[in-house]
Amino acid sequence: MNLAIARKELKEMLPLIVLAALVQLWLLFGTLGLLPEWLGNFNTGYIIPFLDPFFDGDVVMAMALVGGALAIALGLGQTLWELFRGTFPFLLHRPLSRTKIFATKLLVGAGVWLALTVLPMAIYALWAATPGTHASPFAWWMTASAWQLCLNVLLVYLAAFLCGLRPARWYVSRLLPGVFVGSLLLILQIAQFVFAPLGAAVTLTILLVVCAGYVMAILCVAESRDYS
Amino acid sequence: MSDAIVIERLTKHYGRKRVVDTVSLRVPTGCVYGFLGRNGAGKSTLIKMLMGMVQADSGRATLLDQDSRDQTPANRARIAYLAEGHPLYRGMSVGEAVRFTRSFYVDQPFRAVWHDRFVTQVLDHFRISTTAKIRRLSNGQRAQVSLALALAPDPDLLVLDDPTLGLDTVVRREFLESIIHLIQRAGRTVFFSSHMLADVERVADRIGILVDGVLRVDCPTEYFKTVVRQVVLEFVGTAPRFPACSGLVSQRQIGGRLELVIVGYGAEHEEIAESLGAVNTEVMEMNLEDAFIAYTRGDTAPLPTFEWERAR
Amino acid sequence: MQYSIRPATGVPIYQQLRDQIAAGIARGKLRPNERLPSVRDLSQTMVVNPNTIARAYTELEREGLLYTRPGLGVFVAEAPAPASKKVRRERLQKSLDALLVEAVQLGCSSDELMELVAERAKQFEWAESTAG
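Protein chains in written order, with numbering that gives the first Met the number 0: chain R, 0 to 227; chain Z, 0 to 311; chain X, 0 to 131.
So here's chain R without its partners, still in its complex pose (with noise of 0.2 Å):
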């Protein structure tokens, strides 16, 4: 991890991180009561927290969305911006190894998925787990599709930064590791209401498996494609 290139990506990306943030916030603060009627607030007493994020109007589901969208946005915005500008000759020549000048930015990458995605989420989480905050029934294992679902988010990213990086010709093959993950992310959801028993652990473990196998392709595209 190299702090200069960290705080450069943080910096080039701030637009899209303090957007999203001030959306989430919203989110949480509106779901929390503590927004005045008029800017919005999600506290009726009907919502059920954490009941299923699929449900109509679920804020869970909200915040995962806008996790994701900032996912794709980040992870087209670090790669393909270096490309068009052509700053990678001048990065990738600095004096660090190329695997530690990527894992530093998929770090960052991660580090906004946790701000923002898991700590609100988690936020909500011990705020419902607080007795007293609302009139409805709360154990932690309700939490087990939010968790994924930041699961999901963080694939999300590492599919588009992969897209970015990957030298491709066509726009649609530029897209493949995006359909990939989007279809893998169906058949994931589509196969926990056929097959119940599809198990929380199974699921966690195809998508950090998964996960990984993105982080090693990232890192050996890094390694072997032409920046021309």
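Treat the hints as calculated values from the structure; they're not laboratory data. Among the clues, some could well be false.
To be verified - Label-pair distances were calculated between CB atoms; the ranges are:
#1 Z/Gly39 to X/Glu118: 51 to 57 Å
#2 Z/Ala197 to R/Ile100: 25 to 31 Å
#3 Z/Gln183 to X/Ala22: 24 to 30 Å
#4 Z/Arg116 to R/Ala211: 17 to 23 Å
#5 R/Leu174 to Z/Ser245: 53 to 59 Å
#6 Z/Ala197 to X/Glu118: 33 to 39 Å
Glycine residues also receive a C-beta, built at the ideal position from the N, C-alpha and C atoms.
Since chain R is already given, all that's left is putting chains Z and X on it; use the hints.
Same frame as chain R, but now just chains Z and X:
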């Protein structure tokens, strides 16, 4: 002292086109090597392969005794690379760019230096404020900032990819002056590509000329000038074609005249000229520009006579 | 003394510089024992590779027109011992014939040419007339 750069049979295809064709050359330590070629001849691709930005299809290259694909950070710190277009992060201010670049050379596990005062001197000399955003700088100012950042670590080897492209005459001269300054220190090697022949001639010890991916010339600058000659043969009737022989670079038939460019004109060529029946032979020196054009244009028919010239 | 080179001509740069310095000495613009700019200074002023400057200086030193004092610099040599008359005649004949050919082609008369030679000769520093 070993060679600073060794390139062995480097080749690169883009599709079916051979952009760089088995190029081999050596740049001794302390040499200033000017690399010429037309746009699209493969100069930039060769340099990118040298710096590890593009993967070669075959062959290898060595920079400061390390393979170009396995450069350690310590070695990279000794090499300055100015890529085409002088890339910098335009959102940064000049000061931020300096701090960013500096951070890679200060407090490192390997030996590296950074001359703060040098950078300040350059910025002051060209009146570039440290708070100015890089995107607000002119092309020339950006080029100077790029060069200053590349030189601050006191590199042993400089690789410049067409550094004066897009710069006006004055800035080009200032750039050349900077290059002259830095080659005063013995042991520094410079490898640069350019299409400005006059600049290359002033500054380079050795030149290389790339024609359609092939290295057709690789010799000391002065040697090139002294051995390339324009030979004009006159014939009664239409001029025949000059047979292929060693040293023949190009030929043009214009009516009864045969214009040849020959390297190392000697007895062999005189004999051939005689056997072809030339009635007159004229041997002239060539300036670098004409010689370069002769090498890179290849055999072409002269421009056809336009109708309105004949009608007159 | 100012030097200027014309790049992209057929003549190597070191040769141009050598010729200009030699001409300067012959014209008296550079006096004996005068110090020439250092290789470094001249290379920076002329924006030319220092090796090129060094080569010109080396050539002139070989020819006896310059000498080096280590640590002090490069200086113009005292007028050299004149070459023997035979050598002088041999060396000058070629360029003289070229001049005469051109003069005849231009329709010059022998007297006119001699006049011109006498006029131009005044601009140069000549050694005292010696026997061969």
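Do the hints match the structure? See the list:
no.: 1; hint: Z/Gly39 to X/Glu118: 51 to 57 Å; verdict: 55 Å, holds
no.: 2; hint: Z/Ala197 to R/Ile100: 25 to 31 Å; verdict: 39 Å, violated
no.: 3; hint: Z/Gln183 to X/Ala22: 24 to 30 Å; verdict: 27 Å, holds
no.: 4; hint: Z/Arg116 to R/Ala211: 17 to 23 Å; verdict: 47 Å, violated
no.: 5; hint: R/Leu174 to Z/Ser245: 53 to 59 Å; verdict: 55 Å, holds
no.: 6; hint: Z/Ala197 to X/Glu118: 33 to 39 Å; verdict: 36 Å, holds
In this structure, the hints that do not hold are numbers 2, 4, in rising order.
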